[in-house]
Amino acid sequence: MSGWKGDKMTTSPITIYIPRDAAALSVGAERVVKAMQDEAKKRGVDLKIIRNGSRGMLWLEPLVEVVTAKGRVAYGPVTQKDVVSLFDEKFFNGGAHALGHGLTEEIPFFKNQERLTFQRVGMIDPLSLDDYIAHGGFVGLKKALAMTGADIVQTVTDSGLRGRGGAGFPTGIKWKTVLNTHDEQKYIVCNADEGDSGTFADRMLMEGDPFTLIEGMIIAGVAVGATKGYVYLRSEYPNAHKIFGEAIQIAKKAGWLGKSVNGSGKAFDLEVRLGAGAYICGEETSLLESLEGKRAIVRAKPPLPAIKGLFGKPTIINNVMSLATVPWIMANGAKAYADYGMGRSRGTLPIQLAGNIKRGGLIEKAFGVTLKDVIETYGGGTASGRPFRAVQVGGPLGAYFPASLLDTPLDYEAFAAKKGMLGHGGIVVFDDRIDLARQARFAFEFCAKESCGKCTPCRIGAVRGQETMDQVIAGETAKLGLVKELCTLMTDASLCAMGGLTPIPVISALEHFPEDFKPAHKLAAE
Amino acid sequence: MASQIVNELKYLEGATLPILHALQENFGYVDRRAVPMIADALNMSKAEIYGAITFYHDFREAPAGKRVVKLCRAEACQSMGCEDLVHYLETKQGIKIDSTSPSGHLTVETVYCLGNCALGPAALIDGALVGRVDKELLDAVCAERPHERMEG
Ligand SMILES: NC(=O)c1ccc[n+]([C@@H]2O[C@H](COP(=O)([O-])OP(=O)(O)OC[C@H]3O[C@@H](n4cnc5c(N)ncnc54)[C@H](O)[C@@H]3O)[C@@H](O)[C@H]2O)c1
Ligand SMILES: Cc1cc2nc3c(=O)[nH]c(=O)nc-3n(C[C@H](O)[C@H](O)[C@H](O)COP(=O)(O)O)c2cc1C
Ligand code: SF4
Ligand code: FES
Ligand code: FES
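Same order as they appear, the protein sequences are chains A and B. Note that our numbering has the first sequence beginning at 1, numbered continuously upward. Note that our numbering has the second sequence beginning at 527, numbered continuously upward.
Chain A on its own, in the form it takes in the complex:
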């Protein structure tokens, strides 16, 4: 396209990116798209809008990027009201504007990351296979298709990749169990239940680079001889459901899924199933029950899902991040991945910085960065501007840490050593208005509401814990002994980690913030 448009000569259309990521949509990305289209038409500017994933700088959403000769230039957060002035300042040529941030990839928050799993998220059109392939897509799968299953599994093992769902179990070893368990039918199940508060990496990847997850699942299937995959996606993610569903259709049409993956003669098919609003369905055996169409009551382990999983068949069940990291490892080699990280935590962690934080979003970093660095350097402190008081890492079953523990590096073992949990990498920041006694009560309440009900320590313990915390908050601090006893019982006797880990937030609150459990605190607060 070229020619005279209005008063200026445009040789080619101007290309801008506006995310279709749910977080960007939640603050008006769709309205910005409409306003941009209208304004461009009015001014005769030939504008091509690509809907990308999010770059992960969520405080800048909606982030509008313009393609220039120097690279992509960022403006944000843009509202529909800013559109006229953006055109006035010729943002489409990269013009200066109050909302301008210069080159996207030079913004410190973004620049100082190691983006492997998220290499393409925000960069490409998530539903363009051409874009995907042009940016390194399917290189890993093609290599895998030329390898034996055992060699693929060995590569994953050598990379040091550990389960990103939270438990950190070595992915290669899990795959090996499935590889060595013989059966006609095996399954690959992707855990996309992402129930933890403070986490959204799975969602962002599925919306921003869905083919990566598809590729990772195919590689898993090829490795262990599984021909069918399921993605169990939480129903709270309608936008991810839509985008990922479209991606599967596109991949099928292009022959990447189906009877013969890219002509290899190996079959692999994929289906998405929606959850139905139960946190426990993220626990792998509960998830499998749910996929089988039952109430999601946790199964006792053993047998492990790797041996008897979906419909009793050997099953790889992995988190979205674990599976979506495999294509990078296959493409770049196990060593390249293992070169990142610290101790036994190899590679990178997609960190999700959330809660009361000035600059929240997704930060993919090699393991080893400290909490303090994440919260202060990347996050810029609290959103409210009030003093920081606590951070909860690892979701609702994770510990509350005070300022004195902020030098803890993000590393599975370092967190365990401080009686915390890295989990799925969610970091939730609180300012000084947090009341840790209430948070402890909430931990029990959440467990009581979300327990599958199979075992008494969890089902009854959580309800009693909530009631007892109510009494403590009302001033009966002597009841704290009972709270601790309940915690010991739940830790020791629960069947799964739901009941077993609920004491972590409770005990950490008590240990690090004892002042919040004293009656004087209540009086002072009123």
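Rather than coming from a laboratory, the hints here were simulated on the basis of the structure. Be a bit skeptical, because a hint or two may be false.
Unchecked claim - Footprint (simulated), chain B over chain A, 3 or more residues, beta carbon under 8 angstroms:
(1) 20-29
(2) 345-357
(3) 429-438
To be verified - Over the 12 angstroms line for every Cβ pair with chain A, so calculated as not near, a few chain B residues:
(4) E534
(5) A560
(6) D566
(7) T626
(8) H631
(9) G646
The model shown is predicted, which means the values in this text are computed figures rather than measured ones. Glycine residues also receive a C-beta, built at the ideal position from the N, C-alpha and C atoms.
Following the hints, position chain B with the ligands against chain A.
For chain B with the ligands alone, kept in the frame of chain A given last:
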């Protein structure tokens, strides 16, 4: 209509949830009268199907209000004041969380995390994700007024 949905989906592996989701999407809730039909189609007991409906928070056994607000009350949104919003709805708008307003106009429900934890408080309003929810926005929803942050 309901039987058509059941018949179309019953061949899936583990068809219970897909069927329940499809019924709720079409009718707004899962009618108890559909239980025997589903049980029959899936070769499961009525107790198993009914058990599934009650186990999962998503499924309703009665229609919701005309508008549905699913307000996130998990930790990240707590840190941004979602409990103030719950209190505000109850005291200023007379709408109790996890219930439907007497007029049948509005249902407000608790959910735990919508994956928008850096832009909280978050809510799904009639299925659309909204970030940085505030009192003014809730006022508009309660008053059935349009609001610029809910379009598009
Ligand atoms: N992502 C989220 O939203 C979320 C929510 C709640 C909890 N979690 C996390 O879940 C964790 C607990 O999960 P869990 O109970 O599944 O942990 P787990 O330790 O029982 O299992 C971890 C994984 O390793 C597998 N495994 C263990 N031994 C194996 C072997 N020998 N061979 C093959 N596979 C083997 C298990 O099947 C499972 O997939 C917590 O630490 C928490 O961080 C995550
Ligand atoms: C209560 C509970 C909830 C869980 N929720 C999730 C979840 O939402 N997503 C996830 O990937 N793993 C979740 N897990 C962990 C899974 O049980 C399992 O360890 C994981 O899916 C294995 O995949 P990985 O090895 O790739 O991490 C949960 C565990 C428990 C106990
Ligand atoms: S600990 Fe709780 S969630 Fe886990 S099996 Fe027991 S009752 Fe179910
Ligand atoms: S079933 Fe009785 S304690 Fe688990
Ligand atoms: S905690 Fe509210 S959206 Fe995640």
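Results for each hint:
Closer than 8 angstroms: that is the beta-carbon criterion, and the segment 20-29 of chain A has 6 residues meeting it against chain B, so the requirement of 3 holds. Beta-carbon proximity to chain B at under 8 angstroms applies to 6 residues in the segment 345-357 of chain A; the threshold of 3 is reached and the given coverage holds. Here's how the segment 429-438 of chain A fares: 4 of its residues keep a CB closer than 8 angstroms to some CB of chain B, so the rule of at least three is met and the hint holds. Every beta carbon of chain A lies more than 12 angstroms from that of E534/B, the smallest distance being close to 15 angstroms; the non-interface claim holds.
Residue placement check: A560/B keeps its beta carbon more than 12 angstroms from all beta carbons of chain A (closest about 15 angstroms). D566/B, annotated as away from the interface, keeps every beta carbon of chain A farther than 12 angstroms; the closest lies near 14 angstroms. Its beta-carbon lying about 17 angstroms from the closest one in chain A, T626/B satisfies the requirement of being farther than 12 angstroms from that chain. Listed as outside the interface, H631/B is consistent with that label: its C-beta sits roughly 23 angstroms from the nearest C-beta of chain A, beyond the 12 angstroms cut-off.
Against chain A, the non-interface label of G646/B is violated: not every CB pair exceeds 12 angstroms, the least being about 7 angstroms.
In summary, the one numbered hint that this structure violates is 9.
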